[in-house]
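In case you want the letters, here they are:
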Amino acid sequence: MVDGCEGDRRSPRFCHIGCGEGTAEERCWGMQKSLLIDPDKCTSCLQCEMACSFEHEGSFNPARSRIKIFEFEHGKRAVPYTCTQCAEAWCVHACPVEALVRNPATGAVEVKDDVCVGCKVCTIACPFGTVNYNPDTGKVIKCDLCHGDPKCAEACPTDAIVYVDSSWTGLDRMRRWAGHVDTNQSAKA
Amino acid sequence: MNHVIVGAGPAGVIASETLASMGHGGHITVLSDEPEPPYSRMAIPYLLAEDIDEEGTCLRHSDGHYEGLGIAVKHDTVRAIDAAARSLSLASGGSLAFDRLLLATGASPIRPPIPGMDLEKVMSCWTLADARRIMEHTRPGDDVVLMGAGFIGCIILEALVARQVNLTVIEMADRMVARMMDRTGGDMIAAWCREKGVDVHVSTRVNGVSRNSDGSLALDLEGKAPLNADLVVCATGVASNTGFLEGSGIETDIGVVVDEHLETSVPGIYAAGDVAAGFDFMTGGHDVHAIQPTASEHGRIAAMNMAGNRTAYRGSLVMNTLNTLGLISTSYGLWDGVEGGDVATAVDARAYRYLRLNFRDDVLVGCLALGLTQHVGVLRGLIQTKTPLGKWKDVLMADPHQIMSAYLATAQDASRRAA
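So the protein lines, in turn, are chains A and B.
Each residue of the first sequence is one higher than the one before, starting from 1 at the first, in our numbering.
Each residue of the second sequence is one higher than the one before, starting from 1001 at the first, in our numbering.
Just so you know, these hints were derived from the structure itself, not from any lab.
All the pointers check out, no bait thrown in.
In silico DSS-like links for lysine-lysine, alpha-carbon gap of 27 Å or less:
(1) Lys33(A) x Lys112(A)
(2) Lys1121(B) x Lys1224(B)
(3) Lys112(A) x Lys142(A)
(4) Lys142(A) x Lys1386(B)
(5) Lys112(A) x Lys139(A)
(6) Lys1196(B) x Lys1121(B)
(7) Lys76(A) x Lys1391(B)
(8) Lys41(A) x Lys76(A)
(9) Lys1393(B) x Lys76(A)
(10) Lys33(A) x Lys142(A)
(11) Lys1196(B) x Lys139(A)
(12) Lys41(A) x Lys142(A)
(13) Lys1391(B) x Lys41(A)
Given the sequences, and given the hints that come with them, work out the whole structure.
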């Protein structure tokens, strides 16, 4: 068992650290590639948002990008922000019609547009706020890692977003960062 | 080991799948008292609106899903439970033995105690059978009255408008969705509906419904002119299905009372979803939330405990989101605030935008939003982690729309401290 894995004291599916333990269907990030985001390298150029929206919507429309740059402290800090494909998968569990399904090849949770009814429960269930409702289509949208070829990473000129093997140690820091919102419901009694 | 799950809604199905994934090495039986494969009541409004067909309401879509996991779905109704003998008596005759039992029997619609509620053209909208009847009896231009503008009523409202009926909404409370919206938000939703051509009457009581000679219905309204309708759809609330538990020794109040392991007062018998009065994360008390995320979490945690993996549940956070003719509303937690806490609001009535944040000290404990569709979930993140917002609370008091900045900044700070 990997140090820090919660799979030893709960079901492997609840492991938050992506150690690769668990069953094949529920294996966390260990075997896959992930987006590694380093906000310190982000210049807020928005190329990622452009590339993402073009890939998914066929037009340059940052409002429909699955990755968003947030600027704060009067522009001093910029943070690219998107789904970490978390093992807990709050969105998957909240969906009433099985429209959110994990792609075993990439580890990404993908929205099945033909199944999604647009109830938006996933958008409120995800404690990271990375599933959004698209009023134009009546469906939800989220990062799907572009089926294993994420265009945001390709477009980023400063390597603030890179697509790396999930065993990369730098991911730990980012996961802590995103995983701060560790809202795990349960703990061993 | 016989694991029996009564009810094939989200709580029951997720519990059965969790049990299957844990390799418990026994039998898993799910009992459904409806003829269809397990489906989602939440999808029914989209069926009514003809966005999806019946197949689209299924909880699971792949062929042989349940069989493949070793889950037997049986269609039968439980009449009574003999907790001591560990046996269920079934409507089809016979009995079913269990070692571990999960009650996931959900809720059923309730109607007000007024005359005429038993008329044929007064319908609930709860099951697939209900949906088929409503679809059969609604044609474009029909006069339809929707009784009840709570959460479920408002979802049905959207579907009925999509069916192009001439819709009137009658709500007894002083505002729409009174259980998830304050007066400001409820009034904005009502104004929005009226703008879209729906006749909304709040603070209005229906004294009774009667049948006119031409077969249409007449609604007697307190202090208002009577109203005629071709069809009345009743969405006046739901109650947990606990009737069959009478005499079983299983403690109930508004629902089946469960502890932090989702176990009832009878060891080995658990309850989950709309039938369970489980812990509320914010209040610490027992409540029936009747929402999908709670049903899903209950189902998972109950199953883990049934399989012998003792797991305590921290309680569920109440949350709702609603699309009322294109106006998206959301509520979380203690949306009406707490005594001595601070409230930050941003209202733009003309644009139908509203955001209300409720704090206890510098921690977000609940919120309301109208017109917010992007990154809504971070509100849950902040509430559920009880993140101290520090200086960001002042920022939010001045401008509640800075919520994403507050979230990112506090998450980054927390990670730097942990590093």
